Amino acid sequence: MDELELLKKGWKNEDTSRFPKLTYNEICGMILKKSSSIVKWIFIISILEFVFWTLISFVLKDADYNKRFDSYHAENIMIPFIVLGYIILAYFFYKFFTNYRTISATDNAKKLMETILKTRKTVKQYVAFNLIYMALSVFIVLGIQFNKDEEMISLIEQASANGELFRFYAVTSLIAIAAVLVIIGVILGFYYLIYGILLKRLNNNYKELKRLET
Amino acid sequence: MNKALEHSFVEQLERHQNIVHKVCRLYTNNQDAHNDLFQEITIQLWKAFPKFRGDAKFSTWMYRVGLNTAITLYRKSKRRINTQDFDAIQFKIKADEYDDTEEEQLKILYKAVHQLNDIEKALVFLYLEDKNYKEISETMGISEVNARVKMNRVKNKLRTILNP
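Those sequence lines, one after another, are chains A and B.
Everything in the first sequence is counted per the working numbering, starting at 41 for the first residue and increasing by one.
Everything in the second sequence is counted per the working numbering, starting at 11 for the first residue and increasing by one.
Misleading hints may appear alongside valid ones.
[Unchecked claim] Quick list of the computed label-pair ranges, beta carbon to beta carbon:
1. A:119 <-> B:18: 55 to 61 Å
2. B:173 <-> A:244: 33 to 39 Å
3. A:46 <-> B:12: 44 to 50 Å
4. A:210 <-> B:167: 57 to 63 Å
5. A:142 <-> B:167: 31 to 37 Å
6. B:12 <-> A:179: 56 to 62 Å
7. B:127 <-> A:128: 35 to 41 Å
8. A:172 <-> B:25: 50 to 56 Å
9. B:15 <-> A:142: 40 to 46 Å
10. A:229 <-> B:140: 44 to 50 Å
11. B:172 <-> A:61: 27 to 33 Å
12. A:165 <-> B:15: 33 to 39 Å
13. B:170 <-> A:217: 52 to 58 Å
Worth flagging that the hints you see were computed from the coordinates, not collected in a lab.
In this text the structure is predicted, and so the values were computed from the model without any measurement.
Heads up, the beta-carbon is just placed ideally off N, CA and C, and yes, glycines get one too.
Generate the whole structure from the sequences, applying the supplied hints.
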């Protein structure tokens, strides 16, 4: 007999009394408990990500360093840059919530996985945006400092007098690039770890379903 | 959510709970994990219940939510400690009630099914529950042709596991 037919026969004849029989009250108790589904975890982590990046921008705003930066009077560059940052944050927030609301356990398996991955992708894009935004800010600030910061200008003049102007620019830029790369590396490593663990099974199952369709 | 809705849900789930147990049977291999998954499926069913229109049978709707939870939504609990295998306790053979050889064979088959991946298990489950390829394709989100092709592959895989 075919293996599956045998299993089917056994499956149908299986004495279901061997399953624990839950009572009405036990089921009532169960529906009051909190879900620990992957969607809930993605939701919590995503909200934390939004909070984290928003807090970072506020913390940086109040830093002493930024007060010094105010004296450069570079508002015409920085204000549009900051406003753009908030518009993009609002856009990602809106998209995240609309995606989240479309996740439904009654969709077919493939669709459900797609909506979850889409929700996750939105937050991933938000993080990528933040990293790019952060890198850009570093270079814009550096550019402004080269032109407006008195300490920097005197250093540039000194380097110029010693005939080391190129070396000065190169070293400063390389330090900035290295710092940005280290921060991006740490953050990406962190994400890779969290989502690697959380989404491994979902990704594998989604790939398996996709593979069936090709 | 109101009491009437809750009553209707709990009553129907109580009646059809074997479907959820069967999903848990395929996706877990010990009692604690079984209970954990059962709990999560119940929560997901309850959350989705207000959208259940009654145009499909409650049991059919349960298959979908149950499998979706097992394949996608369920996050294995870390606090769980591994206890004894099902085969050792829950599904112990009672010699006087069952045909020994058939029961033994069934046990081996279950073990083989446990070696399949999540998607393959879902296909086997729907097949065991006598779902036709149209329903299987709708539940999984793949085409009917691909469901058929995959089912044949799963059968072959099971044969290979059983007769290495």
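Against the structure, the hints come out as follows:
no.	hint	result
1	A:119 <-> B:18: 55 to 61 Å	holds, 57 Å
2	B:173 <-> A:244: 33 to 39 Å	violated, 27 Å
3	A:46 <-> B:12: 44 to 50 Å	holds, 46 Å
4	A:210 <-> B:167: 57 to 63 Å	holds, 60 Å
5	A:142 <-> B:167: 31 to 37 Å	holds, 34 Å
6	B:12 <-> A:179: 56 to 62 Å	holds, 58 Å
7	B:127 <-> A:128: 35 to 41 Å	holds, 39 Å
8	A:172 <-> B:25: 50 to 56 Å	holds, 55 Å
9	B:15 <-> A:142: 40 to 46 Å	violated, 23 Å
10	A:229 <-> B:140: 44 to 50 Å	holds, 49 Å
11	B:172 <-> A:61: 27 to 33 Å	holds, 32 Å
12	A:165 <-> B:15: 33 to 39 Å	holds, 38 Å
13	B:170 <-> A:217: 52 to 58 Å	holds, 54 Å
Of the numbered hints stated above, those contradicted by the structure are hints 2, 9, listed in ascending order.
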